[in-house]
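4 protein chains.
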Amino acid sequence: MTKSPLDNETFSWPVRVYWEDTDAGGIVFYANYLKFFERSRTEWLRAKGIGQQALKEASGGMFVVSDAQVRFIQSARLDDELLVTTSLLAAGRASMTIHQQALRTSAAGPQLLCDATIRAGWVKADSLKAARIPQNILDTLT
Amino acid sequence: MTKSPLDNETFSWPVRVYWEDTDAGGIVFYANYLKFFERSRTEWLRAKGIGQQALKEASGGMFVVSDAQVRFIQSARLDDELLVTTSLLAAGRASMTIHQQALRTSAAGPQLLCDATIRAGWVKADSLKAARIPQNILDTLT
Amino acid sequence: MTKSPLDNETFSWPVRVYWEDTDAGGIVFYANYLKFFERSRTEWLRAKGIGQQALKEASGGMFVVSDAQVRFIQSARLDDELLVTTSLLAAGRASMTIHQQALRTSAAGPQLLCDATIRAGWVKADSLKAARIPQNILDTLT
Amino acid sequence: MTKSPLDNETFSWPVRVYWEDTDAGGIVFYANYLKFFERSRTEWLRAKGIGQQALKEASGGMFVVSDAQVRFIQSARLDDELLVTTSLLAAGRASMTIHQQALRTSAAGPQLLCDATIRAGWVKADSLKAARIPQNILDTLT
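Residue numbers (the working numbering), protein chains in the order written: chain R, 3 to 144; chain E, 3 to 144; chain Z, 3 to 144; chain D, 3 to 144.
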C-alpha cells in the first residue's frame, strides 16, 4: 500500500493542467509528469532556501537526474488541479533520492495519478562530472 | 553489461537535438528523452504498418504508458545526433514492454546516453479503461 | 509608449520560470512565452467562470489561436518570477483579440519582457470549422 | 496571394507530428509551430555550414528571436507530415528577417497551415547584449 502522501510532513506543490500539458489522447502527455515533478523538487529546494540559479552561479554545480522510476496510474486531464509531492528518501555525498507523487484533488479526496522515485546526482555545471554535494546543501537537505 | 543496441535487428530512429530540447544547464532536459522514446516507438509501429491516429479512429483504442524505468547515463547537448532504439521485450493481452535506448553517434562509435524500459497498456480512447490489444495489432507486434 | 500593464483593471497571472522553460542559451525558449500567454488567458477565462474543458463538453466548441504578433524584448531566466497579463481588445461574433504581456517583477518595478497581440477564433471541436461564439460566452467576455 | 513556398529555391525541412506536439483539442498546440520553425531555421543554417553550438563556442554569440508574426491558418494533427520552409527576407548588421511556412503534404499538393515572419537579432551569449553579426556569418547568409 502506498503511504498517504498528504500528511503534514510532506512537501506538496499545486500544478494546474493547461492545454500545453495535454495531448491528442485528451490526457496529460506522459513526459510532462516529469516536468511537474521537477517543479515540485525546485519549489521544495526553494522552501529550504536553495535557489538553483543562484546555487549554480555560486558553486558551479547543479543537480542532474540520473534515474527515474515512474508509474503512471491514472490520467490527468485539462483543467485538473494536481498536488505534486516531494519527499527525501536518502541523501548521500554525491546524490539524493526522492519520492514524488502527482495527485488529483477532488471532493472524494486525493487520487494518486503518478508515483516516482527519482535520483539526482550533483555535477559540475561546466564539465558535467560527478562531484560531492556541497556540505551546506547537504546539511540543508537532511 | 548492456547488450549492444545497434545490431541489425534493433529498430532505431535518428533524433537531432534542437534548442527546444535543451535547458539552462546546457543539456537535454531529462523529460525530453521520453519524447524521443515516444517518437521512436511511434516510428517502430509505423514501420510495422500501424499508424496511431488511424488506429485510434478505427479501433477506438490507444496505447498509454503505465510504467517507465529510465537511467540517464550521459547528457546530450545542442546539435547532437542521436539514435533512439525500440525493441519489444514482451507483449501480453493488454500491454507490451519495450526496451529503448538513446545513443549519441560519434566517430568513436555510439555512446549510450539514456536507457529505458517502458510498459504501455492498451486503453479505450474515450473511457481510458484497460482493454485487450486488438488481435491484429498483437499479431503485428510479435 | 506601451501603456503600463499593471493597472488595477488588468488581469495578471504569476508564472515561475523552471528548467523546462529554459534552453541552452540560459534563457526562456521563445516558444514558451506562448505557453505562458495561454496559461494567463485560461486563468482569465476561469476568473470569469469559463472552464474550457467543461465548455468544450457542453458546447462542442473551443477557442483556437489564429494570429499572434509577439515582440521579445528582454529574456527571462531560470527562477525568474513573471506576471503575465491578459486584456481584451475586441470581441466579435467569431473571434476575440487580446493584448498580453510577460513582465518580470523586481525591486525596481516590473520590466516588460514580451508583448503580444493574440487573436483566437471559435471553432467546432470536431470539425475545427469556424463558428459563432456562444452568446453567453460573448456576454461574459465583454 | 501567398507565393508558392515550394519552388526550388526555398529551403524546407520535414517535420512529423508526434503525440508530444498535439493537445487535447486533437491538434498541434499553437506554440509548437515555433518549435518547428526553429528546427527549420537551424537546419537552414546547418545547410550553409553554420552549427549554432560550435558558433556559440567560437564567437560567443547567438541568434535570439526578437519578433514573430504568426498566422495559424489550418491545424495539423497527429501523424501529419509537414514541410517547414525557411527563406531569408533581409539581413542587416545586427539582425535577420526570415519568412517561414509550415505546410502539410498531401495527394492534392501542399496545404499552408502556418505562416510566419521572424526577426532574430545577434546577441552576446553571456550578456545577451545586441551585437553585430560576425562578418563571415553575414557573408554566408546573404
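Treat each hint with caution, since some may be false.
The list treats identical chains as interchangeable, and a pair is accepted whether it falls inside one copy or across any two copies.
Computed list of lysine-lysine pairs in DSSO-like fashion (alpha-carbon distance at most 27 Å, straight line) [as the list claims (entries may be wrong)]:
no., residue 1, residue 2
1, Lys-58, Lys-126
2, Lys-58, Lys-131
3, Lys-50, Lys-131
Everything labelled a hint here was simulated from the structure, so no lab data went into it.
Taking the hints in turn, this is what the structure says about them:
1. In this homomeric assembly, Lys-58 and Lys-126 come within 27 Å of each other (Cα to Cα) both inside a single copy, at 9 Å, and across copies, at 20 Å.
2. With identical chains, the CA atoms of Lys-58 and Lys-131 are at most 27 Å apart both within one copy (14 Å) and between copies (22 Å).
3. Only within a single protomer do Lys-50 and Lys-131 lie at most 27 Å apart by alpha-carbon distance; the minimum there is 25 Å, versus 34 Å between protomers.
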